[in-house]
Amino acid sequence: MYSKCCIIVINQPCCRQITRIDQEMDKLSEKDFLEQVTSNQNIIHKVCNMFCQDEDDRRDLFQEITIKLWMGHKSYAGQAALTTWMYRVALNTAITLKRKKKRVHETHPLHPNIQISDENEGGVSQQDIDFLYLAINKLEAVDRAIILLYLEEKTYEEIAEIMGITRTHVGVKITRIKKKLEKHLKHVSA
Amino acid sequence: MELDDLKKVWTKVNSDAKHPLYSVKDISDFRKARSKDFSTWIQNGILIDLILKCFFIFAFLILIWLLRDSTLYIFVASAIILLGFVLIFLEIKYLKTSRDLDKSNISVQEGIKAKLAFLKTYYYRIQFLQGLTNPMLVAAGISFYYYSTYNQIVISSTKDILVILLLLFVSFLFTLPTTLSLYGYHYRILKSSLANLEDEVSWNTAISKYNKQKKCLYWIFGSLLFIGVLALTYLVLL
Numbered sequence: 001m002y003s004k005c006c007i008i009v010i011n012q013p014c015c016r017q018i019t020r021i022d023q024e025m026d027k028l029s030e031k032d033f034l035e036q037v038t039s040n041q042n043i044i045h046k047v048c049n050m051f052c053q054d055e056d057d058r059r060d061l062f063q064e065i066t067i068k069l070w071m072g073h074k075s076y077a078g079q080a081a082l083t084t085w086m087y088r089v090a091l092n093t094a095i096t097l098k099r100k101k102k103r104v105h106e107t108h109p110l111h112p113n114i115q116i117s118d119e120n121e122g123g124v125s126q127q128d129i130d131f132l133y134l135a136i137n138k139l140e141a142v143d144r145a146i147i148l149l150y151l152e153e154k155t156y157e158e159i160a161e162i163m164g165i166t167r168t169h170v171g172v173k174i175t176r177i178k179k180k181l182e183k184h185l186k187h188v189s190a
Numbered sequence: 191m192e193l194d195d196l197k198k199v200w201t202k203v204n205s206d207a208k209h210p211l212y213s214v215k216d217i218s219d220f221r222k223a224r225s226k227d228f229s230t231w232i233q234n235g236i237l238i239d240l241i242l243k244c245f246f247i248f249a250f251l252i253l254i255w256l257l258r259d260s261t262l263y264i265f266v267a268s269a270i271i272l273l274g275f276v277l278i279f280l281e282i283k284y285l286k287t288s289r290d291l292d293k294s295n296i297s298v299q300e301g302i303k304a305k306l307a308f309l310k311t312y313y314y315r316i317q318f319l320q321g322l323t324n325p326m327l328v329a330a331g332i333s334f335y336y337y338s339t340y341n342q343i344v345i346s347s348t349k350d351i352l353v354i355l356l357l358l359f360v361s362f363l364f365t366l367p368t369t370l371s372l373y374g375y376h377y378r379i380l381k382s383s384l385a386n387l388e389d390e391v392s393w394n395t396a397i398s399k400y401n402k403q404k405k406c407l408y409w410i411f412g413s414l415l416f417i418g419v420l421a422l423t424y425l426v427l428l
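Heads up: the protein sequence lines correspond to chains L and R, in order. Numbering-wise, our numbering puts 47 at position 47 of the first sequence, and it's gapless, one number per residue. Numbering-wise, our numbering puts 249 at position 59 of the second sequence, and it's gapless, one number per residue.
The set of hints was computed from the structure by calculation and includes no laboratory data. Some clues are possibly wrong.
[As the list claims (entries may be wrong)] Label-pair ranges, simulated between beta-carbon atoms:
#, chain 1, residue 1, chain 2, residue 2, range
1, R, Ser213, L, Asp54, 31 to 39 Å
2, L, Thr175, R, Leu327, 56 to 64 Å
3, L, Asp54, R, Leu372, 53 to 61 Å
4, L, Lys179, R, Leu327, 22 to 30 Å
5, R, Phe279, L, Arg176, 43 to 51 Å
6, R, Ile417, L, Gly171, 32 to 40 Å
7, L, Lys178, R, Leu372, 32 to 40 Å
8, R, Asp290, L, Asp54, 54 to 62 Å
9, R, Phe279, L, Lys178, 51 to 59 Å
10, R, Leu237, L, Thr175, 27 to 35 Å
Glycine included, C-beta positions come from ideal geometry on N, C-alpha and C.
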């Protein structure tokens, strides 16, 4: 028996919180599961914002991801960081969940309820956010998943582990997605 | 906006986004909710179909007892019951296979591949097995009708046999186009996602190919159903 602790750094909207998880615990208990998912819910929200365009869809996807996390929590044995496992389950669910066919193509940006109080606060304007979501909405599901992990500053190794592709392929994909985004950004800015 | 600004905007978006902050109780309630994933949908569909098949097997057992004087009917009903048991056995086997789709500790690529493999093979078999429940319902219904009206099964001519066979065929076809096309679009989406991950074909090509195949499928099933109904009408009016 060993009692080795690992430190997981969780990126919260306003602060950075450090949580210790004892690796002696093979599986997440119900209490631990609820605490961990609640404290890391930002991950699920980010995935929902990336894949869904309206509030109802986002709530449905959030619920579905929580169900999948709960269904798989017993198979989580600490072999990967908890956040990596959460990203894996969340992205797997978001990409493979059956969606209704969208008959009407949206022409306006649809994004989470974001209202910037101060225009150009931190060098970011409301228009920048609109452009970002217009460009992201044009990407395919897999590209959205990769760019989400890239924007979350995950390493190529982590992206490769979550997506199930090689590190080299991650590099190639990111370069291509950047080109696509650049093209879309130029198009929407024009 | 330049590409380099993306991360800055993304960080800003996620710090300002007013998404609801769920409590432990909310998360606890979410996990207990019913999943909308297609694996759960398929599992529920199989369970409902298993109950229906058991009900029809029971109905045929009652019919055998009611029509115990007719040796031919006992033979036919026994064959249907035997077929029902085989179908139930196969559906239980596929139900177990569908539960493998709920594995969570796999990569995105593995997840897409598992769902694609299931949709490509088992889904169509399951729909075929479930489609056979309709003829069982029609056969049981006809049998009960004959028993309540004539106290026996009266099939006096070849025309009667043809009408019954056509009814069984049409009832089998009735729900099949809907169930077959239900996940066709989802299959194409998953296929194009996997292709994108592995860099094969483009999304648009996959979607347009699907739309062409869907139209073709609707024409085939529509024509078959139309011919079946026409033949049935003709035989009834003859």
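Each hint, compared with the structure:
no. : hint                             : in the structure
1   : Ser213/R to Asp54/L: 31 to 39 Å  : 23 Å, violated
2   : Thr175/L to Leu327/R: 56 to 64 Å : 57 Å, holds
3   : Asp54/L to Leu372/R: 53 to 61 Å  : 23 Å, violated
4   : Lys179/L to Leu327/R: 22 to 30 Å : 56 Å, violated
5   : Phe279/R to Arg176/L: 43 to 51 Å : 48 Å, holds
6   : Ile417/R to Gly171/L: 32 to 40 Å : 56 Å, violated
7   : Lys178/L to Leu372/R: 32 to 40 Å : 37 Å, holds
8   : Asp290/R to Asp54/L: 54 to 62 Å  : 32 Å, violated
9   : Phe279/R to Lys178/L: 51 to 59 Å : 53 Å, holds
10  : Leu237/R to Thr175/L: 27 to 35 Å : 47 Å, violated
Checked against the numbered hints given earlier, this structure breaks hints 1, 3, 4, 6, 8 and 10; the rest are met.
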